[in-house]
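Chains as they are written, first to last, in our numbering: chain W, 1 to 410; chain P, 1 to 481.
Keep in mind that the hints are not guaranteed to be accurate.
Unchecked claim - A few chain P positions that, by computed beta-carbon distances, are all more than 12 Å from chain W:
#1 Ser3
#2 Ala21
#3 Ser22
#4 His25
#5 Cys29
#6 Thr33
#7 Ser75
#8 Arg91
#9 Asn93
#10 Gln118
#11 Ala321
#12 Ala324
#13 Arg342
#14 Glu429
#15 Pro444
#16 Val453
What the hints assert, rightly or not - Listed next, the in silico DSSO-like pairs over lysine-lysine satisfying Cα-Cα at most 27 Å (straight line):
#17 Lys353(W) / Lys62(P)
#18 Lys205(P) / Lys354(W)
#19 Lys389(W) / Lys62(P)
#20 Lys389(W) / Lys374(W)
#21 Lys389(W) / Lys205(P)
It should be emphasised that the hints constitute simulated quantities derived from the structure, not laboratory data. Just so it is clear, CB atoms sit at the ideal spot from N, CA and C, and this is done for glycine as well.
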Amino acid sequence: MRAANIEEAVEGILPHMVIEPGTPQEVAATLKIAKIAGLKVIPRGGATKINWGNLLEVAETGASLILSTRRLHRVVEHAWGDMTATVEAGCTFQTLQQTLAEHGQRLALDPLWPDHATLGGILATNDCGALRIRFGSLRDLIIGITLALPDGTLAKSGGKVVKNVAGYDLPKLATGSLGTLGVITQAIFRLHPLPRESLTLSFSTSDNATMNALVLAIQDCNMVPTGLQIRAGSASPPEIDLRFEGTATGCEAQIDQTLHLASAARRIASPPDVWDAASKLWNTPGPSVICKFSLLPSDLGTFLDLIQETSESPHLPWQLVAQAVGAGYIRLEAPNIDVLAPALVPALDRWRKKLETRGGSIVILRCPLPFKSKLDVWGTAGDALPLMKSIKARFDPTRVLNPGRFVGGI
Amino acid sequence: MQSRILDQFRAIVGKGLITEASQLHTYECDGLTNFRVLPQAVLLPTSTADVQAIVRICQREKIPFVARGSGTGLSGGALPVDNGVVISLARMNRILELDLPNARIVVEPGVINADVTQRVAPHGYFYAPDPSSQSVCSIGGNVAENSGGAHCLKYGFTTTHVLALEVVLPDASIVHLGSRVVDRPGYDLPGIFVGSEGTLGIATKIVLRIVKKPAVIQTLLAAFNTTEEAGAAVSGIIAAGMLPAAIEMMDNLAIQAAEASVHAGYPNCGGLLLVELDGPGPEVEHLIHEVSGICTQCGAWEIRVAQSDAERAIVWKGRKAAFAAMGRISPNYIVQDGVIPRTALPRVLSEIERMSAAEGLRVANVFHAGDGNLHPLVLYDGRIPGQEERAMELSINILRLCVACGGSITGEHGVGEEKKMMMGEMFAEPDLDTMQLVRCSFDPEHLANPGKVFPRTRLCAERTGPYTPHPLEVAGVAQFF
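Here chain P stands alone, though its shape is the one from the complex:
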């Protein structure tokens, strides 16, 4: 990068400009480490004005930029682009305002997810979206990815909890999307910005909704011989008209890994179900008995209810550490994030088992069973030539299976760099072209995180074509994708 431009950047952020190769390596990838690109420079602004000044230079010089939070993303969304800069929001980490009567909190994008809950917990509130990385991931990153978590079954995703944003657009203007009051007249711009994976601009201030802590929380652990039995119990719970705060499932391989890693005390079984109910005390008491009865009917041979907050924390620690724990049982792994209609679970699980056996690669399954979000972990040994490629192929085939069942390629990790080639399998060209209309409204020059999410770069001058049915539609397999 020309020193003239670097000087201009330095004038904005001073020591918050990184150009040393050794330091740049920290930023060459996010949580998806098999994609790496060294950025030209990394900038660490401390204010909205800084971000605006940086983007103004990028706009003028046509330098692509990638915004980055804590770098925990699992789809390569924060992967730097060639000839581009990374704008890290890590130093914009102040909680600006807490409005308890209206249950709102205003934060900068670098604030850590768990710190929001920590700030409001003394008042009996919490911030509901709880990705497993919540102790390190940032709100800005959550906004970009529309992060979920185990409790989004009941409480919704990041987008449910973002009321308004201050955003620096790729043309360096500052705009305010939404309002801290509901139903602002106009298009739902927070709705389109949240989950746009950094392709529409950079959020510099975010108004979040916080939620009152439920009166009672109870967590039940049920051990089954198979994931099919556990799956039947999930169906039974839903059919009984209950909406638990979370329903999580782990298979034997995932349980082994979690045990080796954090000793959560899980029973050694073929399918483990973790059901959390919250709400008014008498209601939770009543429903936990019902859940317990349904599990027993479906073949559960051990049922435990966590008796204290400490016990509950340990139960969840095992689940939330499941990805990282894979390192205990396999040198390498690929985590996927497919979603299926929940009723397709038995069919998909047995098909994954068949595919896993055919490839000779182990697949551990951890999932948000209540909403059909699977996290199949394909285990492999990168030292064995060819195994990584086969593992990637297998994980892609699992996603294809999800799409064929009427599901999605990603429930919470985002498309990013990793799955952009899969978008064409889920959406037809006119669908993608229509999304591109939004992109071109915000970022006609494709400076914000270019090359991500979409399978090919569409120019904003290109015209969209008439409707052509998706191949899956023609085959009568899927009606609506």
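Bound-form chain W, shown alone:
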């Protein structure tokens, strides 16, 4: 336990202390004490996404603490014969992958900033990338979880076997819950073999409609890409990256098939590290607004049209990386947020309306602090919000964990 440094402030709030428990039992005990003492708790892994969500609802006088999983960093078990791994929450993604690679396996996931992001944080934010088109998202890879609850309970759900329907699926409930229900101390994942070969090819398309048609055509044939990514920006036409993994002959056959399909597009050299494009989108020196969006794959083209239309006047430079399953990030440069805010808010509103009417969403993940207080970063929660609030009230009745940060002010 120690006092928090100024760099550890979360969206303008400097917590009073940082606690780094060494065991899951200590995490549970810390939560219990915090609850009794009326302290608010901000769970933290690698702190790469600590600013995601609404502003913390901590009154000026309220005391808060950061509960760091830094010391819970072990790969507890790699049962390579069973293709499962048990990992502590504070283990970084890269450490896990290096351990698994010793037996030719991987967690088939490509989150943001793998060298710093921890499994606990990746789970809490439900962060996944291009591989999901083939292997699903976190909810399809996690098979067991240990959660520490504010009342000091340490609860386990799921298990070490891939197939298991005994009891409620709490691993899924915890995934993407932004640390509002409990603190993840340990998780178990199903694994996949490392691919024998991996080949990437990229295309440039003339316009959004052509891009969308090609993306749908690739998904509507029987190829099995392990990545299908769209990159676009205010200064560049949409580009498509496609990756195949497996045996060399399998990859080659699919590349032939793709070239045949993509006659309307121009093949380009794949930029180096093209599969890190989503992470790189965040590397920007000036102030910016970054949103995650989700939409039906068939709406990608028209959404890009709308972005272009709304960002022309006043000119808002933007860049986007999307996965063909229908999720992506968009970055808007905002060198002078005060000047741009009047244009930015209605633009985001229009995008949100368009996506939400079709079942999609826009979540604002990064924006200048004064701007954030004027926004609901999550958008409309729908008619299930009362149910979500009721779940929160059962798990965390006194709102110890990340109060106010999640959907609908949960």
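Dock chain P against chain W, hints included.
Leaving out everything else, chain P in the frame of chain W:
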């Protein structure tokens, strides 16, 4: 049940209200026939509004209700409760919408699993979860049980393929969980609802993902002298970095039964392996040779690759008919659904053999070998006094063995009525109490399928206690259950 209430039900569903004892008997059990309870009434709604109106009455009058699909469940999940009604979704069986560009299909809960594939097959798609009962079981039932099937090794379970649901909650409100678009902000409510065995509400509309049919499918059949040899081949395939669409294993007793029943042409051997690979043609060609080589190395004395769709269908028919086929070699049987870490297979199989010999009861083994899901079939003769009890004891002991190896009491059949007393052997009290928090959020009055899944009814006002280690943890046997 009071006629006042029955009249109200009749006003909603008209002739879709069953109260005649002779007709009610149809609903007294599901696929697990040794548990039977006669419901007070059965209701057959035809719309979400009907379901909501029924649940509203149940809520007001505190009448417990059990939702039912096709009644093929194997754990007693659809077993009626005393003083309760059964709400059958069989008449809500319309496919509402097909969105091919986004590979989604919207169905009502009574739609039959195989009909989804049939509807999308002309467009080159299929619905991946394929429980052996797929020609009769309903999507609503699959959602309740999170059904799997042989191909879930590669394609995942029902939960992988459910994007969104319209649900009538036990308080009669209608809510929409998830979205047809991925990553809806908020808690993953479809994730918690799928597999909740009817204890959280009734799904009235389901958005499913469909999957493009692979370019090539090849099915290989390999005959071994023993299940140990076959098990070694499975390990070899996994170690080689392959992820087949399915790996199934049958022992000699199961093969005999399947042969007597559907004449699949299986070789008469001690351990039969069925491996299906799918994907791009050249890749499948290449890998099927590798699989064949691994099988030979592990002692396979006959290897066949099904040459046509028709041959493949026959091979699968034998496997999928295996449970029902037991009737050919035994008057009665109990089927179990334990899961073990795959590497524990040799140890568990020899232990089952020992237990079977000690009890003097035959056990046939059919399993999804790729993911360690065992279906031991304990054969017995119900006419011999005491044998049924011994068979049940044996099947429970097999589940205990699975848990002791770090596995689960159920991989796809659900806990239901049958295995709820086993939950306490797999989970510690705090684990079960935490699951109960979810139950109380959805159904504080315990009206939806009460008494199932959990070993005792926990009241929503009860407080959960602090962590206490599970006895197995204290013994150092299991770390995470």
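Which numbered hints are broken by the structure, listed smallest first?
7, 13, 14, 15, 16, 17
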